[in-house]
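> What follows is each chain in one-letter form.
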Amino acid sequence: MSEENITLTPKDFATDQDVRWCPGCGDYSILKQVQTIMPELDVPKEDIVFISGIGCSSRFPYYMNTYGMHSIHGRATSVASGLKLANPNTSVWVVTGDGDGLSIGGNHLIHLLRRNLDVNILLFNNEIYGLTKGQYSPTSPVGQVTKSSPMGAIDHPFNPLALALGADATFIARTADRDPLHQREMLLRSHKHKGSSFLEIYQNCNVFNDGAFEVMTDKKGRPFTTLYLEHGKPLVFANGEKGIILDGLKPKVVNLGADYSESDLWIHDEHDQTKAYILTRMFEDPQDGLPRPFGVLYSEERPLYEDLLEGQLVSAKAIKGEGNLDALIAGSNTWDVK
Amino acid sequence: MSEENITLTPKDFATDQDVRWCPGCGDYSILKQVQTIMPELDVPKEDIVFISGIGCSSRFPYYMNTYGMHSIHGRATSVASGLKLANPNTSVWVVTGDGDGLSIGGNHLIHLLRRNLDVNILLFNNEIYGLTKGQYSPTSPVGQVTKSSPMGAIDHPFNPLALALGADATFIARTADRDPLHQREMLLRSHKHKGSSFLEIYQNCNVFNDGAFEVMTDKKGRPFTTLYLEHGKPLVFANGEKGIILDGLKPKVVNLGADYSESDLWIHDEHDQTKAYILTRMFEDPQDGLPRPFGVLYSEERPLYEDLLEGQLVSAKAIKGEGNLDALIAGSNTWDVK
Amino acid sequence: MSQHEVSKVTILFSGDSGDGIQLTGSEFSHTAALYGNDLSTFPDFPAEIRAPQGTVAGVSGFKLNFGSEAIYTPGGSVDVLVVMNAAALKKNLSDLKEDGFIIANSAGFDKRNLKLAGYPDDSDVLSELRESHRVLDLDVTKLTREALKDSSLGTKDRDRSKNMFVLGFLYWIYGRSLDRTTQFLETKFAKKPEIASANITVLKAGYHYGETIEASLPRYIVKPAKLEAGTYRNISGNQGLAIGLIAAAEKSNLPLFYGSYPITPASDILHELSRHKNFGVKTFQAEDEIAAVTSAIGASFGGNLGVTASSGPGIALKTEAIGLAIMLELPLVIVNVQRGGPSTGLPTKTEQADLLQAVYGRNGEAPMPVIAAHSPSDTFSTAIEACKIAIEHMTPVMVLSDGYIANGSEPWKFPNAKDLPTINPPKAKLDGGEYLPYQRDEKLVRSWAVPGEAGGEHRVGGLEKEENTGNVSYDPENHERMVKIRAEKVQRIANSFTPLEMEEGETSGDILVLGWGSTFGAIKVAVRELRGDGVHVSHLHLRHVSPFPNDLEELLKSFKRVLIPEINNGQLVKLIRDQYLIDAKSLCKIQGLPFRSSEIKAAVMEEVRILTQMQES
Amino acid sequence: MSQHEVSKVTILFSGDSGDGIQLTGSEFSHTAALYGNDLSTFPDFPAEIRAPQGTVAGVSGFKLNFGSEAIYTPGGSVDVLVVMNAAALKKNLSDLKEDGFIIANSAGFDKRNLKLAGYPDDSDVLSELRESHRVLDLDVTKLTREALKDSSLGTKDRDRSKNMFVLGFLYWIYGRSLDRTTQFLETKFAKKPEIASANITVLKAGYHYGETIEASLPRYIVKPAKLEAGTYRNISGNQGLAIGLIAAAEKSNLPLFYGSYPITPASDILHELSRHKNFGVKTFQAEDEIAAVTSAIGASFGGNLGVTASSGPGIALKTEAIGLAIMLELPLVIVNVQRGGPSTGLPTKTEQADLLQAVYGRNGEAPMPVIAAHSPSDTFSTAIEACKIAIEHMTPVMVLSDGYIANGSEPWKFPNAKDLPTINPPKAKLDGGEYLPYQRDEKLVRSWAVPGEAGGEHRVGGLEKEENTGNVSYDPENHERMVKIRAEKVQRIANSFTPLEMEEGETSGDILVLGWGSTFGAIKVAVRELRGDGVHVSHLHLRHVSPFPNDLEELLKSFKRVLIPEINNGQLVKLIRDQYLIDAKSLCKIQGLPFRSSEIKAAVMEEVRILTQMQES
Ligand SMILES: Cc1ncc(C[n+]2csc(CCOP(=O)(O)OP(=O)(O)O)c2C)c(N)n1
Ligand SMILES: Cc1ncc(C[n+]2csc(CCOP(=O)(O)OP(=O)(O)O)c2C)c(N)n1
Ligand code: SF4
Ligand code: SF4
Ligand SMILES: [Mg+2]
Ligand SMILES: [Mg+2]
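Read top to bottom, the protein sequences are chains A, B, C and D.
Numbered by full-length UniProt numbering, the letters in the first sequence go through residues 1 to 338 in order.
Numbered by full-length UniProt numbering, the letters in the second sequence go through residues 1 to 338 in order.
Numbered by full-length UniProt numbering, the letters in the third sequence go through residues 1 to 617 in order.
Numbered by full-length UniProt numbering, the letters in the fourth sequence go through residues 1 to 617 in order.
Worth double-checking, as some hints may not be accurate.
Calculated cross-link-like contacts (lysine-lysine; reagent style DSSO-like; alpha-carbon spacing at most 30 Å) [said to hold, decoys possible]:
1) LYS223(D) with LYS338(A)
2) LYS192(C) with LYS204(C)
3) LYS11(A) with LYS223(D)
4) LYS204(C) with LYS11(B)
5) LYS8(C) with LYS192(C)
No lab work stands behind these hints, which were simulated from the structure alone.
The model shown is predicted, which means the values in this text are computed figures rather than measured ones.
Sequences and hints are given; from them, build the entire structure.
Laid out in structure tokens, this is it:
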């Protein structure tokens, strides 16, 4: 099978259905990158499954020529859990939105993360409810004016990566729709991670929340507002002009050159959970000049839920022997009537 | 009203209903402490409301002679949100269990925490489903044998305080059923905190999970396994023999005396979120000799959701004037038919 | 040039989502209303937010039915079809009457548009069409550009006003004044006078174009309708519902708490309510539907009027909590703006298929009043009645609306606030005696003590409760008694209903058409017309679907045959058959679309045929 | 000393939760079964985990009905009431037959116990009782201690064996051997021989006590029943269900995936299944009921047999997802072990009040087969049939059980695995041609392609889908067609039902008692006894409550009157009246308790009276 797969191209992963997102929507770019990396996974096409909830982003499976389910709002993660347990051989991708995954579906998400099933979660964060035509979401900033918050949203938003870390996620990462190369790298990393991968993708909804990530995604500002993390590498940004040091527990921006060199900087260690925590918190307060980190903030190896379950099935068989239906039906206590 | 209240005693907060927990259940102690602090709140009895979900712990409201609701499983937090918004003058207490609050009710909990309504959440964590007679819960350790996990639970448990912190809680604290004085202090602190207070209470279920917190609650072991936090004070435990220092980002146990004095130790700062994160993680790995912290791990002032909402009502009235029903019904576009 | 007088006309404006169709339609409606016509409108959005331009999926429509007589529906088949591109024609042609008339923007029929619409790109669709229909094609794009040749606006901005050309042209056909739209444009673009003036120029150009090519076209006169005198406004179903809720809150002196999670087609209620914070309205966008309904329950426990709304999938999620509200006996209003199901179904389409869920869809014996609105403006009084029942009978109430009512609109002779019914919450009398939360009055209604009220401290919950005290009780007889009391309490609500009134026809006879909800207009029109033709048929429309009115049985049994049209696979008919053991017949349409009166007429005629046959044999 | 032969006896063992009541009851049952009696049992736990000792709330009960004839219920009124304390008497006395017999532990009637039970603490309850009933009081505590005076055990451990004294005494009364229980104790306490021997000593002491005081007591002979020859086991409803599910998985060659969230009284299914991992059973304790059902849907999509179970409140939460499964047309079995409602209701009590929810409780037109088990052992074949329908018809199926069936138990002549029905999943034939996921066979069933199967890649979802292709479709006619197809597909399942068979009586006549679910035993006994008395009454019991069997209508219409007893406020009766327009009468009991056959007999006799009156007039 995988032999055949070698000859597959991104086009083989497109369906014949018209893609129905608004022209200009960030979802197109993500679809393209996902289709692009598919042939590189070395997984037979028939073993790939896309599961989504409801939302603009959740239309995704219809456009992937793999197995797929457009389920119900908020439940992609729990559908995926059952699927993965039933059929551990599959490569399961969950596509969800900030509403689908963090509002109605928040609970299934954090439970999936703690259980650590080997599922790749792509959270399309556009900080808005797109499909229902523009209400604020759990990631919309305070003050955002939307159809349901004409005087500005008053809900303190989630920090999705901090939440995932708090739920003991084993892989958290961030990328953006406008950065196809980085996206591809992150998609591949998500795939490679054995365990639940939580990838937040900043996605522009040009109809209801255009420019939400402008500062972070436009060409000019980007070097100063974003930080690209690489394991083992110092935290450098602003085209190499600035770096970040850890002053006690506080990250601080420093200018490289006179006073600081790269060797003084915080070296990114994907496996340090406390550092990851600090990175997730480089988020709320743009005034402090800290850029927002992209890349893999944290990764950890932890036993897979499906392996543990499978292990119990195997050892149950080892201990009790393969199930015998007649013995089960009879139970341990029978008598005869003649 | 509060004048009358001065004369109230804990007994005034008991109802005539028989308390129906199992003899020996840790819930009794919590009930007692809660009834004890009530007169100290300086809140008229009729302004106090207890809201619970379903579970042994959730029977709590029936025993409190205040307003109360024993709602449905997992929804105490969302019921409480509506109540607090409707009636901001009330002192709202949510009583929930590890199943009620973290399994079925996990989503409402994290959303309440991020919104920061002024509600006091008491999570009775007994690491088991009591009322349904003993299945493992989202806080049960891996390997726990219960009715639904005869070969041991395989679910990596939540770290409730880390989860709450990840959800941007403004107050997180821990106490235990067997420590009435500390409990009382924490209950009062929860009450005083303006914002959502998340108090985890270790509670022994002597029928289905007896001794789950033995190491932390029994008299002999306790000094070595527990750490009592006080704002501005060094992290000392083991009857003053040991302390904790921060070695970079890692907490480390040191012996006080020869090499270390109290002034070398980590000084607890309730308002430092990163330190709080490290404290929440002093949890998983007993081998490293770190005690489990009790007390207020983190507190922060953030605007209250109900105040922000009220603010919008006030400014809407200021801008548009008090609503005029006739004008609303007519709208902006009318015509006459003669 | 001919000038026909007609009593009503149905126009369907259609084109690409970006063509300004909704604005064109609503402006025409306003002008018609001001002129004195009665009318009814219905928008038809594409399912996608922005479906690809030029495709059938991307077509936006606005249907308008206006007349010199009373109008009850946005109309069935279309008299005048306005199509801005080929896709609009493709989608809507089947809707056109045989002798209907097409106005087409020929610029929308170029190769690209034909292809996108799925026509062969070398076909001359409009010419072919002319063989069977009356077609007027005009190159709106070109005409607009010409009208604006002196404007300083860029091409894009100029082209954007092309809908005004069509509108102006239609104003000419129907002899309407441009005043209202001119004013509207001036206000709307007050800050961009250039755009305002361009639009007005094009509007006039369209009107004048009509005059110029006059000779070849029929003009219609639709005289003002004989409407009841008074002041009117236009109102959609979701708007009416929202302001009805605010009115009920005012009338009951309770703050309104609205806990909701967005869902099509109910979200607009949230949007509307969130704009009225100066009425003290608290809107809470919850994390999901369960939090929406439970926060509303918490709010009601706290002394507010708790309301929640959703559509099918969201209502399904609320059912457990509704059961709790039934046990708590607290006021709660749940609005279901129904849409096509099952599951996610057809989210942007209308349906009436959640009736049985409303009546029966809960665990245990959990009766709850269910009332249905029958038209956009009717939602206002339905909302008020629902709140009145919820508060005065201390019970959750389900309100059924649907996508058709929610998005449709019609003129409404609105009432004065002072004439609205008063609502009296059964507040507990806390006079020092013991407060028994489940003691009841003669309507079996308990009294309501609210946190903050000294002496009213009490506990409620979802476990079965002892009569009077409300304490938890596992006693077998008590449970049976409480189940019966809860059922009887809901049943007694029917005692306060006003007597049933026929919509059309006598209270007995051959055939009764029994409807509920948004089938109202189509049934009304059908029965009227049939009665005009001498058919012995009457129309009764149910607002109260649970409990049924006490006088329903007698009425039903006074007819030889009962026909129940529904936009579902037959649901009310099941309730009626069960309760009254009459062989009521079901007429179903399950297409995400409302009935046409012609469909109902045909079904009635079939009943007539059966009756005749029976009488002959 | 008298020796009566009786055909059946109902014993109720009752006492404090800590008194070992359940063990006593189940040991007596096992011994009776071995002896050859037919029997039926039902435990009655307190609602609290450990209610306070000595109180009425803390009373635990075990009801046993055994006989020399076929036994269908755990019995109505009690022949022999065993009470270990005053609270047990308080709770259960009303259940005793007029000529019933009480065996009381007098040590449980001291001042403290009387007070806790709510009797005046100076009353001599047992003496007063003697005036109206036959009472044997023995100081079990004292007698036990005496029997163990030589034991080295502490008082606490000694006292713990007092239930064995009572058991021994009852074995004497009914002339039963001590062998089975002696063996059981030896095995159970193999590692604590002292405790084993103490228990056996006390058991014997109880037996000998009977012999000693023999003169004053009646002894009963209950001969073996004429049971069908074969091998039997005892089985509870939840057990039967669990192993039925495993059997279905084996017979269909699909791994079983069970997604569940604990809830009374369904949790034991999870417990049972989680013990059988060696069958490849995957149990997943989800975070809530929504995750439970959606994980099961995901598992079915992945090619497993997805099953979920819950009770009322949890089923309510699953309704949205069930709608999805209906759209997806994937196999899914949803078990509802009903309990007292509404809301949290009476969680430890039984009820049948979720039937209408099962049939109608979803948004949109969402038909789904519903089948009901009628007794503890019947759950086994019900589970298999549910899985067979779900898999072979690609549909979710709802199984209704209830607390009474789930916790009750009875002897079961179990089948051989090889004789169980085979189950054939309609696997897609992926032969290189295009796979159309919504193409159907003559039963309207689509075929099933599973991730991992090359060439079967396809997408499913909750939006309405185009016929055959399954692509999203907003087409109006397609929607109507699909709604009708889904309905017809479920309807056609009835074509495979075996013809209806009467439980009792002829297929036509005066009165038909129509039942479903756990009312089975009570109806059966009532109708048998009435027929014995010459009443023209028959009994039909429905397993398939939706769709109804094709031959039901004719049967119903062959009776003059139809009576439908239900443990709810009348639900099946609504479905029957609607569908067949017959004036079926409802007999309701809503007390969290099963019917007694006497209640059904009385209702039938009332129907007889009405019939006679009708015939006379
Ligand atoms: C149970 C239920 N509740 C609500 C909805 C309506 N709904 C559909 S998508 C959506 C939110 C979409 O937001 P998001 O997940 O951020 O996706 P986006 O459209 O922004 O990609 C909502 C509220 C629904 N379909 N089902
Ligand atoms: C919707 C719903 N699902 C399941 C249940 C059953 N149930 C009641 S309490 C409970 C869990 C109790 O555990 P926890 O919250 O830890 O409380 P505890 O009894 O341990 O205090 C469950 C599963 C229910 N009542 N309602
Ligand atoms: S509404 Fe926003 S998110 Fe949705 S398709 Fe359009 S641009 Fe994309
Ligand atoms: S079961 Fe456990 S938690 Fe529940 S009342 Fe008993 S001891 Fe307490
Ligand atoms: Mg979004
Ligand atoms: Mg617990």
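> Next, verify each hint and record whether it holds.
Quick rundown of the hints versus the structure:
{"no.": "1", "hint": "LYS223(D) with LYS338(A)", "result": "holds (14 Å)"}
{"no.": "2", "hint": "LYS192(C) with LYS204(C)", "result": "holds (19 Å)"}
{"no.": "3", "hint": "LYS11(A) with LYS223(D)", "result": "violated (78 Å)"}
{"no.": "4", "hint": "LYS204(C) with LYS11(B)", "result": "violated (82 Å)"}
{"no.": "5", "hint": "LYS8(C) with LYS192(C)", "result": "violated (37 Å)"}
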